[in-house]
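Chemist: Here the UniProt record's numbering is used: the first residue of the sequence shown is 1, the next is one more, and so on.
Honestly, the hints are just simulated from the structure, not real lab data.
A portion of the hints provided could be inaccurate.
Said to hold, decoys possible - Below, a list of computed lysine-lysine pairs in the DSS-like style, where the Cα atoms sit at most 25 Å apart: (1) K132 <-> K115; (2) K103 <-> K135; (3) K135 <-> K115; (4) K103 <-> K132; (5) K103 <-> K115.
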Amino acid sequence: MSALGDMASAAGGAVTGGLWKVGAIVLAGLLVLTGGSLGGGWWLAAHDRDKAEVALRVEQGTSAALRAGINTQNTAIIALGKEKLKAEARGLAAQQLAAANGKRFDAALAAAAGKRATTCAEAMPIVDQLLKDIK
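Put together the whole structure using the sequences plus the hints.
Modeler: Right under this line is the structure:
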C-alpha cells in the first residue's frame with residue numbers, strides 16, 4: 001500500500017500544484033486586465049486634461065482680447081469726457097462773449113436811438129459812431 005499511498009500522495013500533490021498554477025495564471029490575467037483598464041483610464045484622463053488645457057488657453061486668449069478692448073473703450077470714454085469738458089468751457093466762454101457783445105450792441109443802439117437823420121450826410125456820423133461802439 002505504500003506504493004498506492006505514494007501514488008495518491010503524488011496525485012494530490014499534482015492536483016494541488018496544478019491548482020496553484022491555474023490560480024496564479026488567473027490572478028495574473030486579472031491583474032493584467034485591471035492594470036490595462038486603469039492605464040486606459042489614466043490615458044483617457046490625461047487626454048481630457050490636455051484638451052481642457054487647450055480650451056483654457058483659447059479662453060484666456062479671448063479673455064485677454066476682450067480685456068484689451070474694454071481698456072481701449074475706457075480710454076476713449078475718458079478722452080471723450082475730457083473733450084466734453086473742454087467743449088463746455090468753450091461754449092460757456094462763447095456765451096459770455098456773446099452776452100458782452102449783445103450788451104455793447106444794445107448800448108450802441110440805445111445811444112443812436114434818439115438821433116434822427118434825413119440825409120446820408122447826417123446819417124454817416126451816426127453810423128460811424130454805431131460801428132465804433134460795436135467794435
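Chemist: Is the Cα-Cα distance between K103 and K135 25 Å or less?
Modeler: Distance ~12 Å between K103 and K135 Cα, so the pair holds.
Chemist: Does the alpha-carbon distance linking K135 and K115 stay inside the 25 Å limit?
Modeler: 20 Å, holds
Chemist: Just to be careful, I want the Cα atoms of K103 and K115 compared with a cutoff of 25 Å; is the pair within it?
Modeler: 19 Å, holds
Chemist: Does the alpha-carbon distance linking K132 and K115 stay inside the 25 Å limit?
Modeler: 16 Å, holds
Chemist: Holds or violated: K103 with K132, Cα cutoff 25 Å?
Modeler: 14 Å, holds
In this structure, every one of the numbered hints holds.
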